[in-house]
Amino acid sequence: MTARALLSEDMLFGRLVIGIGRSPKAVIAAIVCIVLLFAAIVGPYITPQDPYDLAVLDILDAKLPPGSESMDGLVYWLGTDGQGRDMFSAMVYGLRTSLGVGVFSGLVALVVGTVLGLIAAYFGGRIDALIMRVVDLMLGFPTILVALMLLALLGQGLWKVIFALILVQWATFARAVRSAALVEKNKDYVEAAQTLGISTPRILIGHLLPNCLPPLIVIGMLQVANAISAEATLSFLGIGLPITEPSLGLLIANGYQLLMSGEYWISVYPGVLLLLLVFSINIVGDRLREVLNPRLGER
Amino acid sequence: MTVFVIRRFLQSLAVLAVTAVIVFIGIYAIGDPAEMLIAPDASPAERAQVVASLGLDKPLWEQFFTFAWNALHGDLGRSFVFNRPSISLIFERLPATLELTLVGLVFALVIGIPLGLLSGLKPNSATDEVIMTGSIFGFSLPSFWQGMMLIMIFSVWLGWLPSTGRGEVGEFLGIRSSLFTLDGLTHLILPAINLSLFKVSLVIRLTRTGVRETMPLDFVKFARAKGLSEKRIVFVHVFKNILIPLITVIGLELGSMLAFAVVTETIFAWPGIGKLLIDSIMRLDRPVVVAYLLVIVSLFIFINFVVDVLYSLVDPRVRLGDAQ
Numbered sequence: 001m002t003a004r005a006l007l008s009e010d011m012l013f014g015r016l017v018i019g020i021g022r023s024p025k026a027v028i029a030a031i032v033c034i035v036l037l038f039a040a041i042v043g044p045y046i047t048p049q050d051p052y053d054l055a056v057l058d059i060l061d062a063k064l065p066p067g068s069e070s071m072d073g074l075v076y077w078l079g080t081d082g083q084g085r086d087m088f089s090a091m092v093y094g095l096r097t098s099l100g101v102g103v104f105s106g107l108v109a110l111v112v113g114t115v116l117g118l119i120a121a122y123f124g125g126r127i128d129a130l131i132m133r134v135v136d137l138m139l140g141f142p143t144i145l146v147a148l149m150l151l152a153l154l155g156q157g158l159w160k161v162i163f164a165l166i167l168v169q170w171a172t173f174a175r176a177v178r179s180a181a182l183v184e185k186n187k188d189y190v191e192a193a194q195t196l197g198i199s200t201p202r203i204l205i206g207h208l209l210p211n212c213l214p215p216l217i218v219i220g221m222l223q224v225a226n227a228i229s230a231e232a233t234l235s236f237l238g239i240g241l242p243i244t245e246p247s248l249g250l251l252i253a254n255g256y257q258l259l260m261s262g263e264y265w266i267s268v269y270p271g272v273l274l275l276l277l278v279f280s281i282n283i284v285g286d287r288l289r290e291v292l293n294p295r296l297g298e299r
Numbered sequence: 001m002t003v004f005v006i007r008r009f010l011q012s013l014a015v016l017a018v019t020a021v022i023v024f025i026g027i028y029a030i031g032d033p034a035e036m037l038i039a040p041d042a043s044p045a046e047r048a049q050v051v052a053s054l055g056l057d058k059p060l061w062e063q064f065f066t067f068a069w070n071a072l073h074g075d076l077g078r079s080f081v082f083n084r085p086s087i088s089l090i091f092e093r094l095p096a097t098l099e100l101t102l103v104g105l106v107f108a109l110v111i112g113i114p115l116g117l118l119s120g121l122k123p124n125s126a127t128d129e130v131i132m133t134g135s136i137f138g139f140s141l142p143s144f145w146q147g148m149m150l151i152m153i154f155s156v157w158l159g160w161l162p163s164t165g166r167g168e169v170g171e172f173l174g175i176r177s178s179l180f181t182l183d184g185l186t187h188l189i190l191p192a193i194n195l196s197l198f199k200v201s202l203v204i205r206l207t208r209t210g211v212r213e214t215m216p217l218d219f220v221k222f223a224r225a226k227g228l229s230e231k232r233i234v235f236v237h238v239f240k241n242i243l244i245p246l247i248t249v250i251g252l253e254l255g256s257m258l259a260f261a262v263v264t265e266t267i268f269a270w271p272g273i274g275k276l277l278i279d280s281i282m283r284l285d286r287p288v289v290v291a292y293l294l295v296i297v298s299l300f301i302f303i304n305f306v307v308d309v310l311y312s313l314v315d316p317r318v319r320l321g322d323a324q
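Protein chains in written order, with the UniProt record's numbering: chain A, 1 to 299; chain G, 1 to 324.
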């Protein structure tokens with residue numbers, strides 16, 4: 001990467017941090033995001049129990065209310081679920097899965113969308129028309145409908161969910177990158193690079209891409225929030241992740257039946273965590289949009 | 001105009017054809033169609049008969065035309081569970097879903113437009129800040145969890161509203177709907193709120209943007225200079241200008257609400273097509289799943305088509321742009 005691109009990225013990073021710093025709401029949301037991300041990464045080290053190690057589970061501990069103590073002195077601050085799992089541990093593991101699926105599918109969609117968007121903008125003509133037709137087609141259908149269609153036909157599974165989430169997200173990135181790149185393409189530095197004989201892939205990645213970053217960052221944040229929410233919804237409906245990889249959505253679904261009989265904590269706490277996660281990401285994303293481009297389009 | 005409508009119609013048909021191909025590939029190419037379309041408990045004789053009648057022993061392209069031909073005649077297979085044509089199951093339950101979706105849409109507009117106006121007329125005030133943060137909260141709240149909380153608060157704790165089912169269905173002018181009985185109405189409130197909350201956020205944001213863009217325009221200044229009351233300016237003149245983008249987006253969102261009804265119907269046990277879809281997936285009743293997908297996509301493409309045509313009537317630039 002050239003010095004110029006690095007410098008502009010530095011400036012961008014600075015602008016983002018300062019922008020968030022000016023809004024107390026966004027600062028709190030950013031802190032929540034960082035804490036949750038950290039908790040997800042170090043998950044196994046901060047949980048008192050491995051919720052999926054059947055050997056440590058005791059069915060006698062099932063459905064204990066928050067604050068109860070187990071036989072061997074472990075305190076269940078958030079209660080236990082129907083299988084006697086510590087809710088706190090189960091939620092941290094669920095957070096790992098939810099964040100993992102959301103961030104991974106968001107990143108792959110970002111890469112796919114960016115590559116196709118750049119190609120469409122740079123080459124124009126038939127290639128552009130073809131790519132944008134597909135993008136329009138994808139964006140014409142609601143996310144949840146496409147995901148439902150796919151999973152109804154393919155069946156449930158971790159990689160199928162990730163595939164479905166990538167498929168419904170890439171078009172948004174492609175459209176944003178294309179419109180940003182179309183503006184950049186006609187600027188002098190691109191022409192200068194072409195005159196210098198720099199190869200097309202290098203112009204695209206080294207010169208055009210860094211200047212298309214701002215909208216990508218904003219859309220990336222909002223898409224990750226969307227993906228987490230969509231995955232939770234699909235898992236709740238029973239067509240998302242399998243029971244062996246419980247995400248927050250699945251935890252909520254498991255507690256749903258018990259909600260009516262008063263064991264509220266089994267689905268309310270994972271729900272609050274999911275809401276906190278998605279809400280914080282959206283608040284930060286919304287703030288970044290204001291900072292980077294006030295006219296990027298309202299949702 | 002006619003040219004635009006025809007072009008747009010052909011485009012819709014093309015999208016429908018692409019979707020049919022995708023669904024076809026989903027059933028026939030990825031999985032084993034015999035496995036998918038024949039009930040697991042069928043005898044070998046029944047199996048052979050279905051294989052022959054579906055033409056599964058023929059080449060793939062011929063199978064596709066059989067599939068498309070049958071679909072065009074409304075034959076999308078028989079449900080394993082109900083042993084009835086799957087398409088009639090869908091149409092039987094469609095009214096319940098449409099009713100829920102339309103009431104949800106009305107809720108979204110009735111709640112969203114006033115809040116959006118309030119927010120847009122006083123940008124960057126405390127009210128605006130609260131409403132905007134609230135709208136982010138609104139679309140962050142996963143719809144299924146929000147529905148569960150509604151049930152917990154209004155049905156379990158307060159006991160005000162029923163949590164499941166459609167209630168008594170009344171008949172008025174030949175239309176059967178829960179809207180016509182008190183029992184039906186009480187059953188409708190929670191699901192409709194659940195379905196609308198996501199869209200409320202969208203309506204708030206659209207209205208706010210519209211107000212903020214329209215207020216500085218010349219005709220507003222002119223109306224003020226003419227001495228019109230602020231009320232009349234906002235509710236008559238500004239409002240008309242906000243309505244155009246709002247109607248377009250709402251039209252498109254109607255389709256997304258139809259899809260999201262799957263979630264609402266599952267939580268509230270609402271007997272519509274969304275619940276039918278999830279039940280059918282769980283019971284491996286694949287002909288119903290296929291029928292649902294084709295019907296909902298057709299419906300969706302139809303809505304998009306109508307919205308585009310309506311919009312081109314309002315704003316001629318759309319059809320001119322498309323013709324180039």
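Keep in mind that the hints were calculated from the coordinates and are not lab data.
Note that the structure is predicted; figures quoted are calculated from it, not measured.
Think of the CB as a built atom: it goes at the ideal place given N, C-alpha and C, for glycine as much as any other residue.
A few of these clues could be false.
Simulated DEER-style distance windows between Cβ atoms [unchecked claim]:
| id | chain 1 | residue 1 | chain 2 | residue 2 | range |
| --- | --- | --- | --- | --- | --- |
| 1 | A | Phe123 | G | Gly165 | 42 to 48 Å |
| 2 | G | Ser229 | A | Gln194 | 57 to 63 Å |
| 3 | G | Asp218 | A | Arg133 | 37 to 43 Å |
| 4 | G | Arg232 | A | Val103 | 40 to 46 Å |
| 5 | G | Glu62 | A | Gly206 | 39 to 45 Å |
To give an idea of the chain G side of the interface with chain A (calculated C-beta under 7 Å), a few residues [stated by the list, open to error]:
| id | residue |
| --- | --- |
| 6 | Phe24 |
| 7 | Gly165 |
| 8 | Ile281 |
Self-check item: Assessment of proposed distance window 57 to 63 Å (beta carbons of serine 229(G), glutamine 194(A))
Solution: holds (60 Å)
Quiz item: Is the hinted range of 37 to 43 Å satisfied by the C-beta distance from aspartate 218(G) to arginine 133(A)?
Solution: Given range 37 to 43 Å: holds, Cβ gap about 39 Å.
Quiz item: If you check the beta carbons of glutamate 62(G) and glycine 206(A), does the distance land in 39 to 45 Å?
Solution: violated (51 Å)
Quiz prompt | Pairwise beta carbon distance, arginine 232(G) to valine 103(A), judged against the given window 40 to 46 Å | solution = violated (51 Å)
Quiz item: Regarding phenylalanine 123(A) and glycine 165(G), is the given constraint of 42 to 48 Å on their beta-carbon distance met?
Solution: violated (56 Å)
Quiz item: Minimum Cβ distance from phenylalanine 24(G) to chain A below 7 Å?
Solution: Constraint on phenylalanine 24(G) not satisfied, violated at 10 Å.
Quiz prompt | Hint check: 7 Å Cβ-Cβ cutoff, glycine 165(G) to chain A | solution = Hint violated; glycine 165(G) Cβ to chain A Cβ min 15 Å, cut 7 Å.
Quiz item: Does the nearest C-beta of chain A fall within a distance shorter than 7 Å of the C-beta of isoleucine 281(G)?
Solution: holds (6 Å)
Hints 1, 4, 5, 6 and 7 from the earlier list are contradicted by this structure; the remaining hints agree with it.
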